Amino acid sequence: MEISWIHGLIGGLMIGAAAAIYLLVNGRIMGASGIAGSLMDGTAGSAFWERAAFVGGVIGVPALASLFMDMPATNVTSNIPLLIVAGVLVGLGTRLGSGCTSGHGVCGMSRLSVRSIVATCIYIGAGVLVIIAARSMGVL
Amino acid sequence: MRILTSLLCGGLFGAGLVVSGMTDTARVQGFLDLFGAWDPTLMFVMGGAIVPMFFAWRVAANREAAILGGPLPAPPSTTIDTRLALGGVLFGMGWGLSGFCPGPAFASLSFGGTGGLIFMVAMLASMFAARPIIGVFFRNA
Numbered sequence: 187m188e189i190s191w192i193h194g195l196i197g198g199l200m201i202g203a204a205a206a207i208y209l210l211v212n213g214r215i216m217g218a219s220g221i222a223g224s225l226m227d228g229t230a231g232s233a234f235w236e237r238a239a240f241v242g243g244v245i246g247v248p249a250l251a252s253l254f255m256d257m258p259a260t261n262v263t264s265n266i267p268l269l270i271v272a273g274v275l276v277g278l279g280t281r282l283g284s285g286c287t288s289g290h291g292v293c294g295m296s297r298l299s300v301r302s303i304v305a306t307c308i309y310i311g312a313g314v315l316v317i318i319a320a321r322s323m324g325v326l
Numbered sequence: 008m009r010i011l012t013s014l015l016c017g018g019l020f021g022a023g024l025v026v027s028g029m030t031d032t033a034r035v036q037g038f039l040d041l042f043g044a045w046d047p048t049l050m051f052v053m054g055g056a057i058v059p060m061f062f063a064w065r066v067a068a069n070r071e072a073a074i075l076g077g078p079l080p081a082p083p084s085t086t087i088d089t090r091l092a093l094g095g096v097l098f099g100m101g102w103g104l105s106g107f108c109p110g111p112a113f114a115s116l117s118f119g120g121t122g123g124l125i126f127m128v129a130m131l132a133s134m135f136a137a138r139p140i141i142g143v144f145f146r147n148a
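Respectively, the protein sequence lines represent chains A and C.
Read in order, the letters of the first sequence correspond to residues 187 to 326 in this note's numbering.
Read in order, the letters of the second sequence correspond to residues 8 to 148 in this note's numbering.
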């Protein structure tokens, strides 16, 4: 926790650099939920392989790294029903709201899109409230 | 070529998610736990990611096309409606409950154990089914 903000900042700059290259070189917005969602519901069209390659990179580089070094703990809950409910909510919510932390949060807010700033405030607010509720009910 | 640069961008994004600690669900939930042991890391990640993108958008504004050709994204939509708000609420709830959003869920697939895999299958199935479900309630789905 002591120096974690430095890792956060360095990792954040890497994420921002990836988004910047994707925008300027490929002409696309780097939103993880939009990319994954369009592959799942068939709306990717001619960009299918381009988007599949992006997902391949997101999975592949950490997978390669995990062969050679210890990866940080993910601390995923072992509560299976909770994981399923959360996955369904994230899938439906990002399709409904057209974005997630990378799309609205990074790419949208950096272009000063009011829509993305509003979306980001709403999902962070919902996350804060659900943590309070889940903690008080002993779910988390 | 577009496929190769896309793969490289995905790889850099995945590496950034691991380096920043965003594949750790406890860290994400710690950020959302405003009234508990608050963990500000996610704020630094988002701040760090927004800086290069802020300049990238300014460069993009002065260009006719992407470097590999093809159009640059259209100006952002300004529509703020119930669909956006409801999507944000549902996504925020799932994000808070699990500590996962789509990017980190993909990035941690190889080392996240069965928990990450279960989340991912549920998320992808929900994305697969989302369009017809949304179409029932929203006409412009």
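Since the hints were made in silico from the structure, they are not lab data.
Hints may be right or wrong, so weigh each one.
[Claimed, not checked] Listed below are several chain A residues computed to face chain C (Cβ distance under 7 Å; list not exhaustive):
no., residue
1, HIS193
2, MET200
3, LEU209
4, VAL211
5, ALA230
6, SER232
7, PHE234
8, PHE254
9, MET255
10, LEU269
11, ALA272
12, THR287
13, ILE303
14, SER322
15, MET323
For clarity, every value in this text was computed on a predicted model and none was experimentally measured.
Glycine included, C-beta positions come from ideal geometry on N, C-alpha and C.
To see whether the hints hold, each was checked on the structure:
no. : hint   : result
1   : HIS193 : holds (6 Å)
2   : MET200 : holds (3 Å)
3   : LEU209 : holds (5 Å)
4   : VAL211 : holds (5 Å)
5   : ALA230 : violated (12 Å)
6   : SER232 : violated (10 Å)
7   : PHE234 : violated (10 Å)
8   : PHE254 : violated (12 Å)
9   : MET255 : violated (10 Å)
10  : LEU269 : holds (5 Å)
11  : ALA272 : holds (3 Å)
12  : THR287 : holds (5 Å)
13  : ILE303 : violated (10 Å)
14  : SER322 : violated (10 Å)
15  : MET323 : violated (11 Å)
In this structure, the earlier hints numbered 5, 6, 7, 8, 9, 13, 14 and 15 are contradicted, and the remaining ones agree with it.
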